[in-house]
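Let chain A serve as the given structure and place chain B on it in line with the hints.
Sequence order for the protein chains is A and B.
Position in the first sequence (first residue = 1) + 21 = our numbering.
Position in the second sequence (first residue = 1) + 21 = our numbering.
I should point out that these hints are in silico values taken from the structure, not numbers from a laboratory.
Honestly, I wouldn't trust all of these hints.
A pair holds if it fits inside one copy or across any two, identical chains being indistinguishable in the list.
Stated by the list, open to error - Derived lysine to any residue pairs resembling SDA-like cross-links, with alpha carbons at most 25 Å apart:
| no. | residue 1 | residue 2 |
| --- | --- | --- |
| 1 | K362 | A94 |
| 2 | K58 | D83 |
| 3 | K556 | G657 |
| 4 | K42 | E366 |
| 5 | K598 | P663 |
Protein chains: 2
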Amino acid sequence: MEFFFNPQSIAVIGATPTRFKNGYSILRNLMSGYQGKVYPVNPRYEEALGFPCFPSVRAIPDKVDLAIIIVPAAMVPQAVEECAARGVPGVMIESGGFAEIGPKGKILQQQLVDIAKRTGIRIWGPNCMGLVDAKHGYVFSFMHSRKFREQLTAGRVSLVVQSGMLSAAFLVDLMSNGLMGISKVCSVGNKVDVNECDVLEYLLADPDTGVVGLYLESFVDGRRFMELCRRSAKPVVVLKGGKSRKGAEAAMSHTASLAGNQRIISGALAQAGVREAKDFRQMADICRSLAIVPPRPAGQTGRIAVLTFSGGAGILSADFIEEMGLSVADLAEETYDQLRKLFPEWRPVSNPVDLYPVIEDGTDVFGEAVKAALADPGVDAVFFHSNTGEAGHVQKMADLSKAAGKPLFIWTLGTKENTYEMYTIARACELLVYQDIYRACECMAAVFQQPKPTDILSERQERTTTVSLNSELQNIIDTAAGPLDEYVSKNILKACGVPTVEEQIVTSTAQAKETASCMGMPVVMKGLQPGGVHKTELGLVDLDIKTGRAAGKSYSALMKKMKGTGRVLMQKQVHGKVELIIGLVRDSQFGPCVMFGVGGIMAEVLDDVVFAVAPLTHRDALNLIARLRSRKLLNGFRGAPPVNRDEMAQILVAVGDLGAACPRIREIDVNPLIITDNGPVAVDTTIVLKEPENNAS
Amino acid sequence: MEFFFNPQSIAVIGATPTRFKNGYSILRNLMSGYQGKVYPVNPRYEEALGFPCFPSVRAIPDKVDLAIIIVPAAMVPQAVEECAARGVPGVMIESGGFAEIGPKGKILQQQLVDIAKRTGIRIWGPNCMGLVDAKHGYVFSFMHSRKFREQLTAGRVSLVVQSGMLSAAFLVDLMSNGLMGISKVCSVGNKVDVNECDVLEYLLADPDTGVVGLYLESFVDGRRFMELCRRSAKPVVVLKGGKSRKGAEAAMSHTASLAGNQRIISGALAQAGVREAKDFRQMADICRSLAIVPPRPAGQTGRIAVLTFSGGAGILSADFIEEMGLSVADLAEETYDQLRKLFPEWRPVSNPVDLYPVIEDGTDVFGEAVKAALADPGVDAVFFHSNTGEAGHVQKMADLSKAAGKPLFIWTLGTKENTYEMYTIARACELLVYQDIYRACECMAAVFQQPKPTDILSERQERTTTVSLNSELQNIIDTAAGPLDEYVSKNILKACGVPTVEEQIVTSTAQAKETASCMGMPVVMKGLQPGGVHKTELGLVDLDIKTGRAAGKSYSALMKKMKGTGRVLMQKQVHGKVELIIGLVRDSQFGPCVMFGVGGIMAEVLDDVVFAVAPLTHRDALNLIARLRSRKLLNGFRGAPPVNRDEMAQILVAVGDLGAACPRIREIDVNPLIITDNGPVAVDTTIVLKEPENNAS
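Chain A on its own, in the form it takes in the complex (with noise of 0.2 Å):
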């Protein structure tokens, strides 16, 4: 990748002098920041912008690192083609009119496919804005604004965008409002070749990038897209464009990109420690913290001094910061004393810490407040309000951050000349903030609650996902094909460790009423029929069952029913007040994920179903019921012992594990898992295998 970032020449496939003109723009961009070769190629002219201008790729004389190309779609698989054909390694195609266009489109981007595959040529784009390097002054690109150019100001934060012209029009505005630098700017378009794995693995890589903040309205390849989330200490901030029904629709005539299944999605992101943003400039406000707050060490959990000019303004940052999930830190006996030394003796002191009574004292009190505020144990971060962006003041208060290891960010309000002022003098000594209360404490949340690397890295290694069943199970899913049986289902389960109701196959009046007195009445009675899923509605389902001379009748009456197509299964009757649901679905873009929620009757209120890839750690599975809103459902009732979190977690490895090693398993619905009194136990279960494969076709 290291061509598309530092190229030691580029060629500029439909260069032109005509002003305004895309391909005018990219030479323009080149010229002002970019240190090494560049050829324009363009049969109809001699010269473009003082640089001698070559009739193809092929007539330029020297190594060509990197082409970008801007002619018309029609044209692009020929240019790419003599690329490839004269050595170049990579081209960044800034055209559009491919698959986001329809069927005519999709024909030609199949045929970059095509190239890519059979020559090896990298392909960034189509149908983007190429990429902005903020420190090296690159612009690859045909954004025309010269301000942009001459604004762009370095940082720690690279932005990876599926959509051009937000990634240029938003950087204008990120630029101008002096609150933040960037370090790389990728805008990959419909990622044909080049898609957001091969940008984010660069970046993280990167050492000018601290944080990667990634707009996208599909995943490529998300397992991937996970394991470079997992493995790197950097933060990842993704924006998921596409998430409504219209969403969705528009994603697929923008970039042509499938948006996937939304909760699947947020499931696989939280498992790998990725936190969502919820807009574009959100995702800026994280990122920008993210990159310049470090992980904070262990037990630092966001307690927050909050160091204001305004009550109401105090007030409210409680209210956020608790609702953020975050505290309101308990100062200290020292920090009182220290405070109180600002204030007359009868004023009361407590946090949010409201200053204004004593500014206009002369004294230093910002200074005096923000140093006796970051040197209590106690304190994590300060929340200072500010409203002077003074120079010499912001260095101070950067000082005083750094000197105490603890981060400060600011709220500042006031004109807009002195709040530019303030974000440019905070922003050149590495100081944050901010021009919401709310978007502040967002920020700090996001400081204070991401995962910290040591958590993922002690995950890193690769699971086995191996099930041992014994032969006659492993043939049944090697061989046979869609929905199997409840019984076969459960025994598959049960091999695998899943705590499964107690049950056994009746074949006789005489057994059925025998093993209902083994068993212990009440018991359920069920009908099974090769295929038939829907045993309720079919009428083959007998509860509650509580004399031999009843479970007799039942098995007779099921048999009837199936007229000798299906087999009885009868099964103690389990109770508890609690019902779940864990499934295994196969993710086009995430492969076998494990889906955890609540059944029954809260179901249908609750709609409370999450999800995570599979093969699931230990850890995945305690995160994953962590994130179920209803937990708290685990927690016993009225007298009931909570469920073992670590039993649970067990369960939901053991379906992720048996998905993971057999592929021929296309969906398992253990529904209802109830929970007993003596834990969890899977009632009802379905394993819905592949259709054979038909090799003949």
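Leaving out everything else, chain B in the frame of chain A:
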């Protein structure tokens, strides 16, 4: 209140010629915009800023409409006394040092209360920043910022802010960024006399005010606040500070405010058609949106056409629009025909409409597209993403929007210079512009989801809340004290029309047997003791009694346990999957309130409880049900019939009426109300009466 908002003459008590002192700033601010007479009062000076200075307010020869007081707290009561003696109708006390600083200040504050009561003088403050009126250029405040005075921009939003510094600094910020104009900003401080209701009442009648936004730390008179909001067609937006525990503590030390029960406050605000804001700037954005867009006609539900220059921004817009409960409009075929004219033939067009590929054609694609979208009868508003703030262009958009009678919401990105220009131009021609897509969508939701004035008007008439109980029950309510037993409590409910479980007091073993068989088994038997509300804990509840013999035994056992102090109640055992809770509580700020929530096992997980202020109208009750997050529970499960919402509403109205009509009822607790196949039934109920008032004390 007119003397506060439009005084003909103002005395400034504590005026001083010393720069940067508050008494100087007030005078300075009055000089720059206020046209009436100004009388500085300070015995230490002969003159201040060119005005003759008076030794006391008594020495002023002319009529004084308003005195602004800025002397130290200890001197304030005397100054107010003098004003009262001089016949000044109102004082605005901007000095701090009252209840917010503890016991010493509380004494001073009480003196102010006493003076107001005794003399009838109206007191605004203390501990406040006074009043700003941008239209008239009045700054009755000590905020000292020349820039601020110069940038004051008139608009139709008035703000009431219970935080001085926040109102001042925030105003500077709002004005400076060009997005917003202001009518009046009222900083009300400790609200010793003039409170948020007085100011709100004035503003709702003020022709210069279109929308009122309030930042409040407490409600002095919740019921009056609600009534004012319900009777007005003007939108009211509230940001409540002190929602968290720490925030509430801070509110106490800031403006000595009791933050109150947040759920009751939220319920009351929803009931009064008031929108709650999340943060300060969000409140401002919602207010300016509601000030520009008049109430939407019936049927306009928020079907949005999105016109964008960025596919990614279009996708995010669609996501947020759906998240907010609005919808991405399905465009009419004619609209598509119009839009297709802008695009090359092969280019698919859908909503969101991505205009980026055709922007550079030189034609006015934005104008044409906006026109087409506004003309579509299935479009209620256009969300227009603009990357240019050119004045003619913006004016054209405003004209199109006005001609169509549909709002146009603009999101823009760019350099700070360009966006500022866009903001100011758009504001001048009454177009709404936003910095963030998410915020823009929040404001669209505020516009389309605001309660229609007609809804409120039709509910306007005060309901008389009387309940007619027989003399026996009425006598109990009038004379008893503490918790009534279950049987009596349910008899009262039943008399109010609430369906209760079939039950009867039994007085002998024989009667127990007989009643059980008449009622139909199974039955439940309970021992009722005077004042005993914890029946289950005391072993006084027998469930699932299935035979007459068991009923008889239960009777004896219960009587024995109660040792002759109680009586035995038998009731039919009812079943239902859904258990609800209805309650009545008395809130110090809002009076009697009806509580409605989910009971049983789900309560522990869902914590789903909503409140409304009693008495409820039928519509209030329906809205209350609709605010329950788990309202789906009422839709019927697995074949069970859905709950009749009108019937449910009648029950809620009845409980509220009972509480409102009987001030001796301190609390009602209907728990559980079981949803049976035949509708809701109150199964257990406790009515708690007040302790008798001791008239001797």
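Verification of the supplied hints:
no., hint, in the structure
1, K362 x A94, "between (71 Å within a copy, 21 Å between copies)"
2, K58 x D83, "within (9 Å within a copy, 83 Å between copies)"
3, K556 x G657, "between (31 Å within a copy, 22 Å between copies)"
4, K42 x E366, "between (70 Å within a copy, 22 Å between copies)"
5, K598 x P663, "both (12 Å within a copy, 22 Å between copies)"
Of the hints listed earlier, there is not a single one the structure fails to meet.
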